[in-house]
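J.: Residues per chain, in single letters:
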Amino acid sequence: MMDSRAASAVESVFREERGLLLASLVRRFGDLDLAEEVTAEAIEAALVRWPVHGVPPKPGAWLATTARRKAIDRLRRDTTYAARLAILQVEAERAAPAPTAAPGDDLPDERLLLFFTCGHPALPAEDRIALSLRCLAGLSTPEVARAFLVPVDTMAKRIVRAKKKIREARIPFRVPDPDERPERLAGVLQVIYSIFTEGYTASSGPDLQRLDLAEEAIRLARILHKLLPAEREVTGLLALMLLIHARRGARTGPDGRMVLLADQDRGRWDRTMIEDGLALVHVALAGGPAGPYGVQAAIAALHDEAADLTTTDWPQIVALYDVLLTLTPSPIVALNRAVAVAMRDGPQAGLRLIGELADEPWLRGHHPYHAARADLLSQLGRTAEAAAAYRRALELAGTEPERAHLRRRLSSLES
Amino acid sequence: MKYMLLINSAPADLAEDVPGTSFEDWQVYDKTVKNSGIFVAGHSLADLTTATTVRVDRDGQRTIATDGPFAETREVLGGYYVIDVPDLDAALDWAARCPGSRGGGSVVVRPVAEFEV
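Chains A and B, in that order, are what the protein sequence lines are.
Counting in UniProt numbering, the first sequence runs without a single skipped number right up to 415 at its last residue.
Counting in UniProt numbering, the second sequence runs without a single skipped number right up to 117 at its last residue.
Just so you know, the hints here were simulated from the structure itself, not pulled from any lab data.
Note that beta-carbon positions come from the ideal geometry of N, C-alpha and C, so glycine has one too.
Watch out, some of these pointers could steer you wrong.
[As the list claims (entries may be wrong)] Label pairs and their calculated CB-CB ranges:
1. Leu14(B) x Leu325(A): 27 to 33 Å
2. Val323(A) x Gly20(B): 28 to 34 Å
3. Ile72(A) x Gly60(B): 51 to 57 Å
4. Ala61(A) x Ala96(B): 39 to 45 Å
5. Arg74(B) x Arg266(A): 56 to 62 Å
6. His43(B) x Leu227(A): 41 to 47 Å
7. Pro182(A) x Phe39(B): 28 to 34 Å
8. Arg74(B) x Pro182(A): 31 to 37 Å
Modelling step: build the complete structure from the supplied sequences, incorporating the hints.
T.: The following block contains the structure:
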């Protein structure tokens with residue numbers, strides 16, 4: 001009978017160390033499948049041994065040694081496979097000389113390689129997300145499937161497809177050279193932020209928020225921030241997610257209903273998380289022009305610092321959206337800027353800007369566009385037009401709490 | 001590891017006259033590929049109007065067709081290289097340096113399948 005304390009120790013070690021262990025095995029053997037298999041076998045061995053002999057003083061090192069031994073055993077048995085890997089290794093060393101191993105007992109942290117491989121632009125966006133959650137966050141395939149509301153079988157196929165492309169097209173396990181680093185890092189950050197936004201507002205389903213995904217994204221960003229402390233956009237992304245996630249307790253009412261920023265009980269915001277985020281924003285904005293994540297974090301910080309909507313520093317927020325528009329011009333940023341302008345100069349000014357965006361094809365199918373327009377129309381007393389815009393938003397909204405919110409707006413307009 | 005770079009020229013109506021796509025640029029690229037020790041094979045293909053398609057059905061009946069007249073609006077395979085480089089990143093770099101990837105054209109990078117013997 002498995003001791004439950006030992007079992008949970010194994011579980012938590014597994015969760016914490018899995019990515020670290022996997023990355024070091026990938027670095028050593030250059031093969032993701034082999035690394036995953038022996039990682040799983042080492043965990044199994046721990047499940048058998050630890051309850052009887054006790055948890056070793058360095059569980060991570062024990063797992064690493066066990067996994068490496070199993071990998072070498074496997075390569076001895078399968079010589080064709082070993083020969084193929086040997087060629088891979090020689091070519092990999094030719095491409096990028098191995099760094100000298102870190103001294104001491106600790107595993108050198110090779111997870112940066114995995115971040116760049118899992119976020120490689122040659123993989124489809126959905127595969128990058130799935131692989132990052134599995135290999136770096138340590139989620140199981142069923143967990144990743146549940147997070148994205150797809151059948152386990154579909155997710156398993158997606159992961160197999162991604163690993164096959166890595167193996168057969170030989171996507172390398174390496175950290176990109178400095179000249180290609182900014183572009184590739186942007187791709188990695190995009191993966192993490194996509195995981196977060198999916199958790200923040202699920203694109204479909206009964207619940208507005210899926211906290212598990214948002215927290216996984218923050219965990220991944222924390223790991224990346226530890227690995228690349230000087231990359232200000234990594235700092236900016238972590239800050240942005242913390243500053244938004246800090247409001248999670250106030251975003252939905254007790255019945256799961258959506259609560260807008262204007263009506264949120266700011267006393268329920270997570271002050272500790274806001275403090276963490278604010279400290280990081282200062283770092284992200286210091287020393288040269290900020291990147292898009294740094295600017296977005298600065299906007300989130302202004303909201304988090306304000307006591308309510310009327311005392312929010314809207315002129316500063318509009319100015320930050322102006323900067324963001326020059327860094328990443330997009331209709332969504334323009335829409336958010338228009339809403340901020342409405343707060344600064346009144347609904348008429350905001351509505352004029354929103355009207356200028358009416359021809360953006362992407363915004364026409366985006367329910368926040370219609371909802372924002374409806375809000376401003378209703379503030380101006382143009383009830384019939386507001387109702388039509390709410391109805392359009394209602395047709396397009398993805399989650400039930402969002403639809404319920406729009407229905408309430410619509411009915412208050414009609415009463 | 002061998003990769004084939006399939007060079008698709010832009011549709012005539014979308015082709016842009018941009019720097020880096022002149023005949024001289026192609027000569028420089030070709031020379032660089034061949035002098036870098038990665039060249040395995042490569043050809044540029046004659047105009048699409050010279051192409052002929054062969055199909056053989058179940059009964060062994062041969063059909064020969066030309067696809068023409070050719071619309072100006074589609075991408076056309078104009079040539080290829082097979083290169084031997086350590087990994088996909090290196091292959092993508094060579095593809096990005098190819099003049100065929102500019103001016104509305106594209107280069108598709110396909111790993112060459114290796115069968116164990």
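J.: All hints are to be evaluated individually against the structure, with a verdict given for each.
T.: Evaluation of the provided hints:
1. Leu14(B) x Leu325(A): 27 to 33 Å: holds (29 Å)
2. Val323(A) x Gly20(B): 28 to 34 Å: For Gly20(B) against Val323(A), whose Cβ atoms are near 32 Å apart, the range 28 to 34 Å holds.
3. Ile72(A) x Gly60(B): 51 to 57 Å: Given a distance of about 54 Å, which is inside 51 to 57 Å, the answer is holds.
4. Ala61(A) x Ala96(B): 39 to 45 Å: holds (42 Å)
5. Arg74(B) x Arg266(A): 56 to 62 Å: holds (57 Å)
6. His43(B) x Leu227(A): 41 to 47 Å: holds (45 Å)
7. Pro182(A) x Phe39(B): 28 to 34 Å: holds (31 Å)
8. Arg74(B) x Pro182(A): 31 to 37 Å: holds (35 Å)
Comparing the model with each earlier hint shows no violations; every hint is respected.
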